[in-house]
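Engineer: Here is what each chain is made of, one letter per residue.
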Amino acid sequence: MTNFHVIHASHADQASETRLLQALATTMQQLLEALADLLRQRSNRSCLAAELAQCSTRLWQLAQFLPASHGMRQQVSHLHKLLPALIQPQETAVQIRLMVPLWRLQQALPAALPVMAPWRKVGNTHPAALALLAAWWRGQSMPAAMPLQAVARQLAEAARQTTLPPPAVAALLSRWLALQEFERDEPQRQCSAGLLQRVVLVLLMPDVVGASEARRCWQLLWSHAQQQPLPADNAVACDDLVLLQAVQTDLARHRCQVLPFLQQAVAQPGTALLSQPVLMLHYRLPWLLQAAGQHGLARLAHLWQRCLLQHWQLRQPLTPALLGQLETLLQALDMTVWRSLSPLQIASAMLQLLQQWPPANTAVVASVPLSTGNTAAPVPLAGVPDLLAQSFTLLNRVREDWFSNAAMFVQQAPLLAAELHLLEQGAAAVKVQAVERFCSLLLALQHKAGQPRNAQEFPAQLLWRGHCHLIELLDEAAAWQDPQLDVGLVAELQAWQQQGVHEPLPAWCCAGTLAAMTTADLTKRLLLFVDKLAQTLEHPLRLAIVINPTVPATLLPLCETSLQPLLRFLAVEQLQETTLRRQAHQPMAIALELRLDLTDVGVAVELRAAGCTRAPDYQALKRLRHKLPPAVQRLLWRTLPGSGRSLHCTIGE
Amino acid sequence: MNMPLAIVCDDSVTLGLLLCRQLATLGYRVQYIAPEQLRLPLAENPALFCVELLGNHSNGFKLLRQLRRHHACRSLLLSASGRRTDIAWGRAAGADAVLLRPFTPAQLARCVTLVEA
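So the protein lines, in turn, are chains S and W. Heads up: the first sequence begins at 1 in my numbering, then just goes up one per residue. Heads up: the second sequence begins at 654 in my numbering, then just goes up one per residue.
These are calculated hints, taken from the structure and not from any lab test. Every residue gets a Cβ at the ideal spot worked out from N, C-alpha and C, and that includes glycine. Don't take each hint at face value.
[To be verified] Subject to a maximum C-alpha distance of 20 Å in a straight line, what follows is the list of computed DMTMM-like cross-link-like pairs (lysine to aspartate or glutamate):
id : chain 1 : residue 1 : chain 2 : residue 2
1  : S       : Lys532    : S       : Glu560
2  : S       : Lys431    : S       : Glu577
3  : S       : Lys532    : S       : Glu492
4  : W       : Lys715    : S       : Glu472
5  : W       : Lys715    : S       : Asp617
6  : S       : Lys627    : S       : Asp617
7  : S       : Lys448    : S       : Glu560
8  : S       : Lys448    : S       : Glu400
9  : S       : Lys627    : S       : Glu560
10 : W       : Lys715    : S       : Asp482
11 : S       : Lys448    : S       : Glu419
12 : S       : Lys431    : S       : Asp482
13 : W       : Lys715    : S       : Glu476
14 : S       : Lys532    : S       : Glu593
15 : S       : Lys448    : S       : Asp401
16 : W       : Lys715    : S       : Asp486
17 : W       : Lys715    : S       : Glu593
18 : S       : Lys431    : S       : Asp386
[Said to hold, decoys possible] A short, non-exhaustive set of chain S residues, derived as facing chain W with CB atoms under 10 Å:
id : residue
19 : Ala246
20 : Thr249
21 : Arg253
22 : Leu281
23 : Tyr283
24 : Ile471
[Stated by the list, open to error] What the simulated footprint calls covered on chain W by chain S, stretch by stretch (three residues with Cβ under 8 Å from a Cβ of chain S suffice, anywhere in the stretch; the number is not a length):
id : stretch
25 : 657-667
26 : 700-710
27 : 724-738
28 : 742-749
Between the sequences and the hints, there should be enough to build the whole structure, so can you do that?
Structural biologist: In structure tokens, the structure reads:
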């Protein structure tokens, strides 16, 4: 490798040689002056020693740009060798010995090395990384752009690891620059520029380029430095360099966005929940690293992505140990340390991560209603998103004209409601509250809109907009984003749903006409009652009613007066179980089902409430019996086989 | 001959570029658009629209639904999460095929052929 230094000595073009050497003059002059200043200081010995060492090293590095036979290079080397002695306490004699060559250097410099700054041109015309390498070489401070700084550091580090001494790389590159400047043949010039970009890539991404390609690049650069023309078929593709820059950009973005989260999480342990942007960054990270040829790191990043996803789904903050490991991963993303991570270290990091894995939530959805009216087997929580995505056959095919009028809507309403029920349960199970709330609202709205003899205008536009918004929410939830409710639309939907709650009953169901009450009238009156109840309780509440048409009209008024206390009782009971329902991953909205059938002894009533199975308070049941009309007999309480409870009674004259 | 246009829409420039390269080898004229820069309708009707499902500032499902309102092109949804949900919901959102990462160039070629058919 020492042969690299001979390049300059054997250089034929003296003009370019001189101009190349001029590049070092200003910097060397400044360094020499700084060195002299430091030698004059005697107060702070330890700081002085460190600065002297740094200053002298830079000077020595710069001197490597000079031909090996150059007198100044020899003087700088001599100065560099004297430095360790200077750090010793008895330094006076050494200082005198040092000052002499220093003085000679300062005298010789203006004549030997006129000013030139080739690296500035590199920065304008070639990869910024190279310019930064030069800046780093000169000991200048780096710009704030971390990835570029990383490239510069990596170049030097890679050169060290490929047994090329940094001065040799610098000499090659500066030689290349000189040749490039004086090259008049444009195709050769382009070949040369492409070659250099390839070398940068070889240094930074050896795994991507491959060993044979790397060897070929160095050989070409070596030949080129000896003024041999590059082969015409040397079509150096710069695509990989573009890819490298893209990887750098993506990784820099990753670091910039994850770092604030980490800092906040470390400052307030146990409180910082994983945000969606941080999760998304880790979703992409394994594939980025794989694209960059870092397969080991990619495997580690993939494990991290799964770990973070589980935390995000469980709404669980990262433990301090995990935060520490995440910080280590962030440091490992620095391109300058890619090659320093051994497979064993990566395996060890993966093992540590597995030891910190959060416990899986094995809760199940208690029941999932099917369109047939039955209930499916309990579904594991992890399977809920899959079940939902595969179950919606209608939801994604809804057309605007389905909501154009009540007649059209009623045809589709039952199937649509079945899917909405399923969605409501699923959303509650995986705790996507925005979807669950909106689904409950839509169910209530569609139920009301589908009722016969509804005095209100059919809300065609409102239903369609509500459906579109639901699909938007589902898209967001499916893409791991936090669904954002449209507050304005929710207010509009609620306003329509609550219309008529405070208004007097319409003429067709007023007291004077009760004798002519039909099942439709009873349904309407009960739904109005439930709407009022929901508003009083300030909680979503809906009622599904099935009345056997054989129930005589004469019994319907009696049914109404009997059912109202029952509905109120069950709704209040359900409201008290809100926390339990939430813990059991069940929807917050209270869903009641009423069924009326005709029997020999009167009208059989079954009032169901999905959710909790706890028996009501005995005293409360006793109080309820007192409130019910005498016509209500055989009041019974039952626990439903799946999850829920029901009240049974008979109403007879 | 005018080559068909393929548009790649991905939050990550790296992954977008990689896909562009692979599609170029399949005979497409490729164009990379960052999701936040995507303006619909597009100036030219693409033959193939490839979109990443999950993004920091984008949502592949929504983009596909919007695309469907303006263009009747073939669409390919890319996902790296490995969930069956992505496939089911992706198809519901209008994707002709869902390709799970990581995929080999051969798998991409097969998928594109399938979509074209």
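Engineer: For each hint, tell me whether it holds in the structure or not.
Structural biologist: Hints versus structure:
1. S/Lys532 <-> S/Glu560: holds, 15 Å
2. S/Lys431 <-> S/Glu577: This hinted pair holds, its Cα atoms lying about 17 Å apart.
3. S/Lys532 <-> S/Glu492: Holds, because 18 Å separates the two Cα atoms, which is no more than 20 Å.
4. W/Lys715 <-> S/Glu472: Roughly 7 Å separates the two Cα atoms, so the pair holds.
5. W/Lys715 <-> S/Asp617: Given pair W/Lys715, S/Asp617 is violated - Cα atoms ~49 Å apart, limit 20 Å.
6. S/Lys627 <-> S/Asp617: Given pair S/Lys627, S/Asp617 holds - Cα atoms ~16 Å apart, limit 20 Å.
7. S/Lys448 <-> S/Glu560: Judged against 20 Å, a Cα distance of about 19 Å means the pair holds.
8. S/Lys448 <-> S/Glu400: holds, 19 Å
9. S/Lys627 <-> S/Glu560: holds, 14 Å
10. W/Lys715 <-> S/Asp482: holds, 14 Å
11. S/Lys448 <-> S/Glu419: holds, 17 Å
12. S/Lys431 <-> S/Asp482: Since the Cα atoms of S/Lys431 and S/Asp482 sit roughly 11 Å apart, the hinted pair holds (cutoff 20 Å).
13. W/Lys715 <-> S/Glu476: holds, 8 Å
14. S/Lys532 <-> S/Glu593: Cα-Cα ~17 Å, so holds.
15. S/Lys448 <-> S/Asp401: holds, 18 Å
16. W/Lys715 <-> S/Asp486: Measuring from Cα to Cα gives roughly 16 Å; hence the hint holds.
17. W/Lys715 <-> S/Glu593: Given pair W/Lys715, S/Glu593 is violated - Cα atoms ~36 Å apart, limit 20 Å.
18. S/Lys431 <-> S/Asp386: Judged against 20 Å, a Cα distance of about 15 Å means the pair holds.
19. Ala246: holds, 4 Å
20. Thr249: holds, 6 Å
21. Arg253: holds, 9 Å
22. Leu281: Because about 7 Å separates S/Leu281 from the closest Cβ in chain W, which is inside the 10 Å limit, the hint holds.
23. Tyr283: OK, holds: S/Tyr283 within 10 Å of chain W, min 6 Å.
24. Ile471: S/Ile471 check passes; min Cβ-Cβ to chain W is 8 Å, inside 10 Å.
25. 657-667: holds (count 4)
26. 700-710: Check passed, 4 qualifying residues.
27. 724-738: holds (count 5)
28. 742-749: holds (count 3)
Checked against the numbered hints above, the structure breaks hints 5, 17 and satisfies the rest.
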